[in-house]
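Residue-level listing of the chains:
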Amino acid sequence: MSVLFSRGICVISASIALLMGSVIAGMERKVQARIQQRIGPPILTPGFWSWLKFYYKKKVRPLATAPSFYIWTVVLGIFVVLLLLIVTLPPVWGFLGLASILGVVGFLKLEELLYVLMGSVSQSIMSVPLFPWDIVRGGKVLGTRREFFEQQSALRALKMIGLGSIPLYVAIAVPFAMAKSPYISDVIRLQNPAFFTESIFPLPSSPAFFTVYGFFASIVFFIGYVILLNDKPFNIIKPKIDIMEGGTLEYGAIYRAYMYIFSQVMAFVLSSVYVTLFLGIPLDVTRPALLALHLVLTLPLPIFKAVLAAFSPVLTFRQIYSASAGLTAIGAFALIASLII
Amino acid sequence: MQAPNKNQQVVEKELPIGPVHPALLEPFRIRFFVNDEIVEDCEVVLGTIHRGVERILEGQPVERALLITERVCGICSNSHAWNSVRVVERGLNIEIPPRAMYIRVIAQEVQRIASHLIFLGHAMEVIGHETFAMRAFLLRESFMDILYYIGGNRVHPSVPVIGGVRPRCEITEGLKKLILELLDRGEKMFKAYVERVLADPLVMSRVTGTGYLSKEDAIRLHAVGPTARASNVRFDWRMEMDEYKPFTFDYIFLEDGDNKARVVARALEIFECIKIVRQALKDLPEGPLVNRNWVPKRMKFTDSYNEAPRGELYHSYALDDYGRLRHYKIRTPTITSLHAVEYAAIGDHVTDAVLTIASADPCLSCCQRVEVVDVKSKKCKMFSSPIEVVKKYGWKR
Numbered sequence: 001m002s003v004l005f006s007r008g009i010c011v012i013s014a015s016i017a018l019l020m021g022s023v024i025a026g027m028e029r030k031v032q033a034r035i036q037q038r039i040g041p042p043i044l045t046p047g048f049w050s051w052l053k054f055y056y057k058k059k060v061r062p063l064a065t066a067p068s069f070y071i072w073t074v075v076l077g078i079f080v081v082l083l084l085l086i087v088t089l090p091p092v093w094g095f096l097g098l099a100s101i102l103g104v105v106g107f108l109k110l111e112e113l114l115y116v117l118m119g120s121v122s123q124s125i126m127s128v129p130l131f132p133w134d135i136v137r138g139g140k141v142l143g144t145r146r147e148f149f150e151q152q153s154a155l156r157a158l159k160m161i162g163l164g165s166i167p168l169y170v171a172i173a174v175p176f177a178m179a180k181s182p183y184i185s186d187v188i189r190l191q192n193p194a195f196f197t198e199s200i201f202p203l204p205s206s207p208a209f210f211t212v213y214g215f216f217a218s219i220v221f222f223i224g225y226v227i228l229l230n231d232k233p234f235n236i237i238k239p240k241i242d243i244m245e246g247g248t249l250e251y252g253a254i255y256r257a258y259m260y261i262f263s264q265v266m267a268f269v270l271s272s273v274y275v276t277l278f279l280g281i282p283l284d285v286t287r288p289a290l291l292a293l294h295l296v297l298t299l300p301l302p303i304f305k306a307v308l309a310a311f312s313p314v315l316t317f318r319q320i321y322s323a324s325a326g327l328t329a330i331g332a333f334a335l336i337a338s339l340i341i
Numbered sequence: 342m343q344a345p346n347k348n349q350q351v352v353e354k355e356l357p358i359g360p361v362h363p364a365l366l367e368p369f370r371i372r373f374f375v376n377d378e379i380v381e382d383c384e385v386v387l388g389t390i391h392r393g394v395e396r397i398l399e400g401q402p403v404e405r406a407l408l409i410t411e412r413v414c415g416i417c418s419n420s421h422a423w424n425s426v427r428v429v430e431r432g433l434n435i436e437i438p439p440r441a442m443y444i445r446v447i448a449q450e451v452q453r454i455a456s457h458l459i460f461l462g463h464a465m466e467v468i469g470h471e472t473f474a475m476r477a478f479l480l481r482e483s484f485m486d487i488l489y490y491i492g493g494n495r496v497h498p499s500v501p502v503i504g505g506v507r508p509r510c511e512i513t514e515g516l517k518k519l520i521l522e523l524l525d526r527g528e529k530m531f532k533a534y535v536e537r538v539l540a541d542p543l544v545m546s547r548v549t550g551t552g553y554l555s556k557e558d559a560i561r562l563h564a565v566g567p568t569a570r571a572s573n574v575r576f577d578w579r580m581e582m583d584e585y586k587p588f589t590f591d592y593i594f595l596e597d598g599d600n601k602a603r604v605v606a607r608a609l610e611i612f613e614c615i616k617i618v619r620q621a622l623k624d625l626p627e628g629p630l631v632n633r634n635w636v637p638k639r640m641k642f643t644d645s646y647n648e649a650p651r652g653e654l655y656h657s658y659a660l661d662d663y664g665r666l667r668h669y670k671i672r673t674p675t676i677t678s679l680h681a682v683e684y685a686a687i688g689d690h691v692t693d694a695v696l697t698i699a700s701a702d703p704c705l706s707c708c709q710r711v712e713v714v715d716v717k718s719k720k721c722k723m724f725s726s727p728i729e730v731v732k733k734y735g736w737k738r
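Chains as they are written, first to last, in the working numbering: chain A, 1 to 341; chain B, 342 to 738.
Hints listed in this document are in silico derivations from the structure and should not be mistaken for laboratory results.
There may be inaccurate statements among the hints.
Straight-line distance between alpha carbons at most 30 Å, and here's what the computed DSS-like set of lysine-lysine pairs gives [as the list claims (entries may be wrong)]:
{"no.": "1", "chain 1": "B", "residue 1": "Lys517", "chain 2": "B", "residue 2": "Lys586"}
{"no.": "2", "chain 1": "B", "residue 1": "Lys623", "chain 2": "B", "residue 2": "Lys586"}
{"no.": "3", "chain 1": "A", "residue 1": "Lys140", "chain 2": "B", "residue 2": "Lys556"}
{"no.": "4", "chain 1": "B", "residue 1": "Lys717", "chain 2": "B", "residue 2": "Lys670"}
{"no.": "5", "chain 1": "B", "residue 1": "Lys532", "chain 2": "A", "residue 2": "Lys30"}
{"no.": "6", "chain 1": "B", "residue 1": "Lys529", "chain 2": "A", "residue 2": "Lys30"}
{"no.": "7", "chain 1": "A", "residue 1": "Lys140", "chain 2": "B", "residue 2": "Lys670"}
{"no.": "8", "chain 1": "B", "residue 1": "Lys717", "chain 2": "A", "residue 2": "Lys140"}
{"no.": "9", "chain 1": "B", "residue 1": "Lys532", "chain 2": "B", "residue 2": "Lys616"}
{"no.": "10", "chain 1": "A", "residue 1": "Lys140", "chain 2": "B", "residue 2": "Lys354"}
{"no.": "11", "chain 1": "A", "residue 1": "Lys58", "chain 2": "A", "residue 2": "Lys240"}
{"no.": "12", "chain 1": "A", "residue 1": "Lys240", "chain 2": "B", "residue 2": "Lys532"}
{"no.": "13", "chain 1": "A", "residue 1": "Lys159", "chain 2": "B", "residue 2": "Lys354"}
{"no.": "14", "chain 1": "B", "residue 1": "Lys354", "chain 2": "A", "residue 2": "Lys240"}
{"no.": "15", "chain 1": "A", "residue 1": "Lys109", "chain 2": "B", "residue 2": "Lys354"}
Excised from the complex, chain A in its bound form:
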């Protein structure tokens, strides 16, 4: 396979991710709206059309301490997400060992860290800058360190990195443990040997999902998926009511479009990673039937996420810590079982 051909496949796959990201966002909104007995927006509005809309808005420079860094963090986020997708593509499986649990977990951790970076530098006008009022009034507890709520969001993101997202990583380790190898190619070889033949529609013979521990790991992966995408009930980083959007609050105009692309493509890519690792069907643009099946199978996770979000409040750390501990225990059980059996 030539380098040019591999690059072409990566570009086409990235384009598919952008397209699917724009559709998935609309589907989620539609599902939630139907549950709430509303019509909801057209499918392409929250994704594709909102990207275009924000592209033509007037640019506003954020009040962040390092505005350029703040702006480029979200662009970096898009690249990280697309890189995460690319390491799961068959042409990249032999490249420097990145197509392994190391690459997947590494890029996911980097993605989580971006929220900390965004929150650390962002300073919206809605909290600290209105301080003279408090001094005039002679309010309570004067002279204390004041913090922007974006910075509070960064602290919460750190807590989530520390504990909240552990179940996802435990769940991701299960298919690799089943294959007794850190490489994605070995995971696919175990679950879908036909993929390495010339077949135009190679279906998996023993997907991880249909094993007991694979099933439990899938449940844990789904919750981790919700946690990593900061959706309800695990959106304490941006719960709307106190610190609102958190670190991403100040992205306006084209940068808001980038932010939407970042989060919406992430929803697709994580779902794609799940289909690759747990169902044994990689994203392969050279086999159209398999590609279509892969894309269809990426839809249930976002839809389940939308249903969960429609029926959940925002949980605080009081509930998240216990939920995370319980899910980590289930994931650890699945991991140990997959290693032993």
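Chain B: place on chain A using the hints.
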């Protein structure tokens, strides 16, 4: 429930929110003093939407008072209009026809239901449950329709006038049947809604045990209305009002004193309101709607209390020789309940503390006024906004 220790304070930092904040229904500022996201102290700062209603009322003819006071609040507009006319009716001993009294009670209780449903919707919104929030707002529509059928308007039905109710607020037999149908449907849907909310473990985990306010603290901090009754403060102004004497219903007192109790208290009150409206419709007396046999004349300073949806509502004024308003004072329930929930928020996670503040069902535009007290001379002076205080006294006190 065991009360948290609210005396030990280790303030790590301040987390100010607002007054410009999309999640706040009205512009106000909350200053949380936190230690690792746990609220050690809290301050709610008002003063950005003062409208000077009391000043506008000064010198107006008394007939116009109810039109202006009705616009103090868009949610409990009937409470203000009713209390405004009650002052002059008490001061000048104006007799109210029984039919008018019943219609006033019906309008008041239907608006109480609508107000409590707004609270439930907002509380669910604050904890992040959009579906329950939207369902509460959907349920509210039936009761808003009833207000529309009675008064001709949804938000400002303008039911009471001095001496009775407006002639357009007549409840005919057909309308009575329609209201009863809407009540039945609304009650059935609301019962299913409450059962679902109370059975939801995630929602209950958010509201149970947070924002605890003991009975002693509720009394000490002058909490009123459902906020106080959820802490087992056994008082409701409807106990004292002659208008409510003909009706049999329960007053809702709960002992838990947490956010769940404040949510449940309002939910249970809705069922009692429906009970009152049904009785009022069933026993609606015949007779005139309004007594016109009165003239505006000098009236000494008179006050009136009413149980608005959020609690104790106070109106007072005097009339001069020409029947014009003098020294109009309004005290809305939020101004006292807000201070109580400020205290109740201590010990909560920041996200829970916002819910605790919302659990007083604050209506901030109704209660904003600035009063500066000179400690030496013990005189106080009212200002229309904090910026006027700044202009007079400078940035530092």
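Given hint Lys670 of chain B paired with Lys717 of chain B - CA-CA distance at most 30 Å: holds, 25 Å
Pair hint outcome, Lys354 of chain B versus Lys240 of chain A [Cα-Cα no greater than 30 Å]: With Cα atoms ~21 Å apart, Lys354 of chain B and Lys240 of chain A stay inside 30 Å; holds.
Given pair status - Lys556 of chain B, Lys140 of chain A, alpha carbons within 30 Å: Within the cut-off at roughly 25 Å; holds.
Given hint Lys586 of chain B paired with Lys623 of chain B - CA-CA distance at most 30 Å: holds, 15 Å
Lys717 of chain B paired with Lys140 of chain A [C-alpha distance capped at 30 Å]: Holds, at roughly 22 Å.
Pair hint Lys109 of chain A and Lys354 of chain B, alpha-carbon separation not exceeding 30 Å: Holds, because 28 Å separates the two Cα atoms, which is no more than 30 Å.
Hinted pair Lys517 of chain B and Lys586 of chain B, Cα distance within 30 Å: holds, 21 Å
Pairwise hint evaluation, Lys354 of chain B against Lys159 of chain A, where the allowed Cα distance is 30 Å at most: holds, 18 Å
Distance restraint between Lys240 of chain A and Lys532 of chain B, which requires alpha-carbon spacing of 30 Å or less: holds, 29 Å
Pair hint outcome, Lys529 of chain B versus Lys30 of chain A [Cα-Cα no greater than 30 Å]: Roughly 28 Å between the alpha carbons, so the hint for Lys529 of chain B and Lys30 of chain A holds.
Pair hint Lys58 of chain A and Lys240 of chain A, alpha-carbon separation not exceeding 30 Å: OK: Lys58 of chain A and Lys240 of chain A at ~24 Å, within 30 Å.
Pair hint Lys532 of chain B and Lys30 of chain A, alpha-carbon separation not exceeding 30 Å: Holds, at roughly 28 Å.
Checked against the numbered hints above, the structure violates none of them.
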